[in-house]
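Chains A and B supply the protein sequences, listed in that same order. Residue 328 in our numbering is what sits at position 328 of the first sequence, and the numbering runs on without skipping anything. Residue 362 in our numbering is what sits at position 26 of the second sequence, and the numbering runs on without skipping anything.
If you are wondering where the hints come from, they were derived from the structure by calculation, not from laboratory data. We put the beta carbon where it would ideally sit given N, CA and C, even for glycine. Keep in mind that the hints are not guaranteed to be accurate.
[To be verified] Incomplete in silico selection of chain A near chain B, CB under 10 Å: (1) C13; (2) S330; (3) S331.
[What the hints assert, rightly or not] Computed list of chain B residues with no C-beta within reach of chain A, every gap over 10 Å: (4) I338; (5) A346; (6) P361; (7) T477.
The lines below spell out each chain.
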Amino acid sequence: MSGPIILGLETSCDETAIGVVRDGVVLSNVLSSQVDDHARFGGVVPEVAARAHVEAIRSLTHRALRDAGIHQLDVDAVAATRGPGLAGALMVGFSYGKAMAWALDRPFLGVDHMEGHLFAPTLEHPGFEPPAIVLLASGGHSQIVLTRAWGDYETVGATIDDAAGEAFDKVARFLGLGFPGGPAIDRASDGGDATSIDFPRALGDRPTDLSFSGLKTAVVTFVRRHHEAGDLPPLSDVAAAVQEAIVDVLVAKTMNAVEQTGVKVVAGGGGVLANRRLRQRLTEACAARGIRLFLPSPILCTDNGAMVAAAAAFRLERGETSPLDSEVDSSLRLGS
Amino acid sequence: MIRVHCPDAAATRAVGRRLAGLLRPGDVVLLAGDLGAGKTVFAGGIGDGLGVEDPVVSPTFVLVRHYRGLMPMTHADIYRLGSSAELEDLDLPAESADGVLVVEWGDAASQAFADDHLMVRFAVHPDGTRTLEFTGTGSWTGRPLQEVAG
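Only chain B is shown next, with the shape it has when bound in the complex:
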């Protein structure tokens, strides 16, 4: 497990950007943390690193947004979904086949991607700084995750 301390939003974004360098087609990155913890900022950093030119904005309202970069990036948010049946309706595995899938409130989807995913947990401290905690399963074993710390 890797932990990275982020003093501000720019630092969170930079960690996302560095993570992009480790990503391969088919990867699933799950983001877990409270409202306002920095999940969308982090996803924006991944977008930067993947060369996505469009601004990566919140997917909460539309549930899923698609971006074109060095490889396709699908940015989903399952905050509002109430059951696993609704999650299946979204068919996220199909969305991620040839690109990177980033899922906010991804703890609810960890079952669906149990075999192979990177979980990023966001903790907000009283002083407003964040700690990001990275745990990988499957193909993430052996990848140089420490590089995200910069």
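One chain only, chain A, in its complex shape:
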């Protein structure tokens, strides 16, 4: 007998993303990226995001159902991201999901966005099981989570200033490379020498916490000084060195968490985990330590609806559902 078909709606930030999942298998996973809308601002603007979600969500839901080869009456439960995220953006998917659940007379589940990222690796790697150290890094979040068991999470490290994606965005904007910063710096670093400039790696005294503010300041100072002196290195070198500094910190802190906890499994999630250099370095670091690494493909690293459905499947199996008068929580904290 097959498990329930779950529709997952994700609108916490700038992607309207919808997925259909059954028994850990992705039946469909569609998204309507707003990157072009936000590129002008060098980042996400909440009102712009919320309006774009409203425009996209209905047709996108129909596309997700069609791609999955099902009718809406086949949906057994509807899930939507409850938080964290931008309040106005969250409300669009959450309200749409509640309305749909009510109309179809199916259970509704509000899902923690970060728990969604934790479940994303299961969609491609059936062998992925806790306990695991999971690196979650995006524009809005950077944290290292110990998943002891499904539903049992501890944040063992987090950024004390900028998120990793934010560091990419700010440096890219300063260098005139555009938005989103991660892919822009990734592209600009092609052919660059990452070892030519030694940008700082912060927080050596706090093994699992992250900090990117000092790096940002160092890049600004470096570029201004060498611009004035007329000996600014090629942009590809600067971009490669910045990327290497960010990647170095993420990998080192994740490995510190592995050593502290003795856990033998590492996973990742969030848009920054789509970065090619980070994936390569994590792969090398885990291989060197005999640690099993489970990275979702880039489409499941960035925000997506399938991960919301996957986390909801776990909650539903435990008999948990959310009342239709529940509300979004823009500052939801994992495990609370």
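Let chain A serve as the given structure and place chain B on it in line with the hints.
Relative to the frame of chain A, chain B by itself:
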């Protein structure tokens, strides 16, 4: 006007912490200075002084973050906003009614809060040290701002 010299990030944070002691509900603190000048560090100090337990992290990506402390603290960043219409969309005055509003890149918002705000300007010197310059309008007249120097 008060000027405070800060040799490092810890000093900048301490100035923020001392400023918190002067804050009242409804206050607006605008922070102006370049990328990497220490605005978020300073806001973190205000958070410390207000008893905010969560780490005060950069609001750039999400534009606005809310914290609970002795009084609510709203931490906004309008770096990415392109026009006054987008600024109005954020409705920052409503955010600050019963707590403290701290706005990074706040020079762009000084018109909206012309009657009553504290402006903190951050200057970075070639040796990496900073000077913070405090100018208040409205209810800030007569407050003992020199206390931020410690």
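Can you list which hints this structure breaks, lowest number first? Of the numbered hints given earlier, the structure breaks none, since each of them holds.
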